[in-house]
Amino acid sequence: MGIDIAAILGLFGLTSAFALVALVLAGWMCWRIAAKAGLPGWTGAGAILLTLTGIGSLVSLILLWVFAFMRWPRDGLALAGAPGAAHAPMARGAAPMAPAALPPPPRALADRRGWTLSGGGTTLRFDDGRASYTVTGEGSGGPDELVLADPSVGRPHARLLTAAGRIGLQDLGSPGGTYIDGARLLPAHGPRDITAARTLKLGNVELALSRT
Amino acid sequence: MFTVIGWLIGLSMFALMVVLVVHVLFALLLIVPSWRIFERAGYSGLLSLFHLVPVIGPFIVMAILAFGDWPNGEGRPRPAGS
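In order, the protein sequences belong to chains U and Z.
The opening position of the first sequence corresponds to residue -19 in our numbering, with each subsequent residue numbered one higher.
The opening position of the second sequence corresponds to residue 1102 in our numbering, with each subsequent residue numbered one higher.
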């Protein structure tokens, strides 16, 4: 052949063909993982191929942590663009918009268990029985109300939307603010898929989201 | 003679412990973010403990995430320019 494979591998710092195979395999799998999170596949493969550079695997490790805790585009795909989404902040004191049913999400979930929001001494349980629930600091006895008795929670504060085993959250412009895993949700964002979220913050009340 | 063997066994055990501790510490750096990724994908975070398997552990973790259907749904990359 005239081409010394060992020399080529050595050029890239690889000590054996097994390392090359492992590298290609890891790059391919990371491509798929990144694509499943909604990111371009080359970002995943690129993170692995960075180990070939002089920076070493430290950058790959840092990127793994960033990937784990960043906001994935997939999280916003399911409910963004749903009809009835608020695209402008509501005036204070204005009546909330009429609840809107969600369109079918990109992929329905087989898990049909209910949901639990717990925190601030309150536990709220709900399920797919209704298309939407209103979270408010003071209830009027409506069956679709989830009352979170706290001065920092608006009246109403936010809307929870359920469809096909998924759950969405829409901020209704309350001054206390709404946060998903620490990121501020504005009324202009419309409904966001929080199926994979862990913590919500409505006003000063921190809530953990879990399946019932 | 027995003293020398005892020393060798002791040193071997110490070296093994050091290797184990370093392995676990390094695996923890991978387990923590992987746990979060598994939970966001809809799997149990316990699957990230595969990182404790020497050599092939990270590959098992990547294979589960790459080739399994994520219970919490999967996204599609947005077309460039959109």
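These aren't lab readings, by the way, just hints derived from the structure by calculation.
It cannot be assumed that every hint is accurate.
As the list claims (entries may be wrong) - Looking from chain Z toward chain U, a few residues come up when the C-beta cut is under 7 Å (computed):
hint, residue
1, 1137
2, 1138
3, 1141
4, 1144
5, 1145
6, 1165
7, 1169
8, 1175
To be verified - Which residues of chain Z face chain U? A partial, calculated answer using Cβ under 10 Å:
hint, residue
9, 1107
10, 1108
11, 1111
12, 1131
13, 1134
14, 1140
15, 1143
16, 1147
17, 1158
18, 1166
19, 1173
20, 1176
Treat the numbers as computed from the prediction; the structure is a model and nothing was measured.
Glycine residues also receive a C-beta, built at the ideal position from the N, C-alpha and C atoms.
For each hint, the structure was consulted:
At about 4 Å, the closest approach between the beta carbon of residue 1137 of chain Z and any beta carbon in chain U falls short of 7 Å, and the interface hint on this residue holds. Taking 7 Å as the C-beta cut-off, the interface hint given for residue 1138 of chain Z holds, the closest approach to chain U being about 5 Å. Contact between residue 1141 of chain Z and chain U, as hinted, is supported at the beta carbon level, the nearest pair being about 5 Å apart and thus within 7 Å. Because the smallest distance between the Cβ of residue 1144 of chain Z and any Cβ of chain U comes to about 11 Å, over 7 Å, the interface hint for this residue is violated.
Here the hint on residue 1145 of chain Z is broken, as its CB sits about 12 Å from the closest CB of chain U, past 7 Å. Proximity of residue 1165 of chain Z to chain U is violated relative to the hint, the smallest CB-CB distance being about 9 Å (cut-off 7 Å). Nearest Cβ of chain U to the Cβ of residue 1169 of chain Z: about 9 Å, over the 7 Å cut. The hint is violated. Hint status for residue 1175 of chain Z: holds, given a least beta-carbon distance of 4 Å to chain U, under 7 Å.
The beta carbon of residue 1107 of chain Z comes no nearer than 37 Å to any beta carbon in chain U, farther than 10 Å, and the hint placing it at the interface is violated. Taken as an interface hint, residue 1108 of chain Z does not check out: its beta carbon lies about 34 Å from the nearest beta carbon of chain U, beyond 10 Å. For residue 1111 of chain Z, the suggested interface contact is broken, since its CB lies about 33 Å from the closest CB of chain U, more than 10 Å. Using the Cβ-Cβ criterion of 10 Å, the hint placing residue 1131 of chain Z at the interface with chain U is satisfied: the shortest such distance is roughly 7 Å.
At its closest, the beta carbon of residue 1134 of chain Z sits 3 Å from a beta carbon of chain U; the interface hint therefore holds under the 10 Å criterion. Hint on residue 1140 of chain Z holds. Least Cβ distance to chain U is approximately 7 Å, under the 10 Å limit. Residue-level restraint check for residue 1143 of chain Z holds (minimum Cβ-Cβ distance to chain U is 7 Å; threshold 10 Å). The interface hint given for residue 1147 of chain Z is broken, as the beta carbon of that residue sits about 16 Å from the closest beta carbon of chain U, more than 10 Å.
Interface restraint check: residue 1158 of chain Z against chain U, minimum CB-CB distance 12 Å, threshold 10 Å, status violated. Checking residue 1166 of chain Z against chain U by beta carbon gives a least distance of about 5 Å; that is within 10 Å, so the hint holds. Interface restraint check for residue 1173 of chain Z: the shortest CB-CB distance to chain U comes to about 5 Å, inside 10 Å, so the restraint holds. Given the 10 Å rule on beta carbons, the hint for residue 1176 of chain Z holds: about 3 Å separates it from the nearest Cβ of chain U.
Checked against the numbered hints listed earlier, the structure breaks hints 4, 5, 6, 7, 9, 10, 11, 16, 17; every other hint is satisfied.
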